Amino acid sequence: MNKDILLDWDSQYNAMKRTMNGFWTTYRKWRDENKDDYHSTFMGKLYVEFISLEERAIYLKYSFNAGEAVVFCSINIFYIEEKIGLTT
Numbered sequence: 000m001n002k003d004i005l006l007d008w009d010s011q012y013n014a015m016k017r018t019m020n021g022f023w024t025t026y027r028k029w030r031d032e033n034k035d036d037y038h039s040t041f042m043g044k045l046y047v048e049f050i051s052l053e054e055r056a057i058y059l060k061y062s063f064n065a066g067e068a069v070v071f072c073s074i075n076i077f078y079i080e081e082k083i084g085l086t087t
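Residue numbers for the sequence shown, in numbering that gives the first Met the number 0: 0 to 87.
Just so you know, these hints were derived from the structure itself, not from any lab.
In this text, all values refer to a predicted model and were calculated from it rather than measured experimentally.
Any given hint could be a false lead.
Said to hold, decoys possible - Label-pair distances were calculated between CB atoms; the ranges are:
#, residue 1, residue 2, range
1, D36, W8, 13 to 21 Å
2, T25, E67, 22 to 30 Å
3, L85, W8, 20 to 28 Å
C-beta: ideal position from N, C-alpha, C; glycine also.
Taking the hints into account, I'd like the entire structure generated from these sequences.
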């Protein structure tokens, strides 16, 4: 597949942007609904303004068995410029 076709598709449907927005939605829900887990994980010292996201990859996966294609967007998660995780 031509990479430009996938990038055009992403531009049209905002897949990467929606992935990043999904991270923030999930993060806030976890922080607000699981306060004990949140505080024990970060010992109450996580400053959300120091969290940043970076586009990592976008790729198309085609399953021959199911005859379906799925687009995956992957982002790196940083805290004070140190990579702390990634999400797809």
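Now for the hints, and whether the structure bears them out:
{"no.": "1", "hint": "D36 x W8: 13 to 21 Å", "verdict": "violated (36 Å)"}
{"no.": "2", "hint": "T25 x E67: 22 to 30 Å", "verdict": "holds (24 Å)"}
{"no.": "3", "hint": "L85 x W8: 20 to 28 Å", "verdict": "holds (22 Å)"}
When held up to the earlier numbered hints, the structure conflicts with hint 1 and nothing else.
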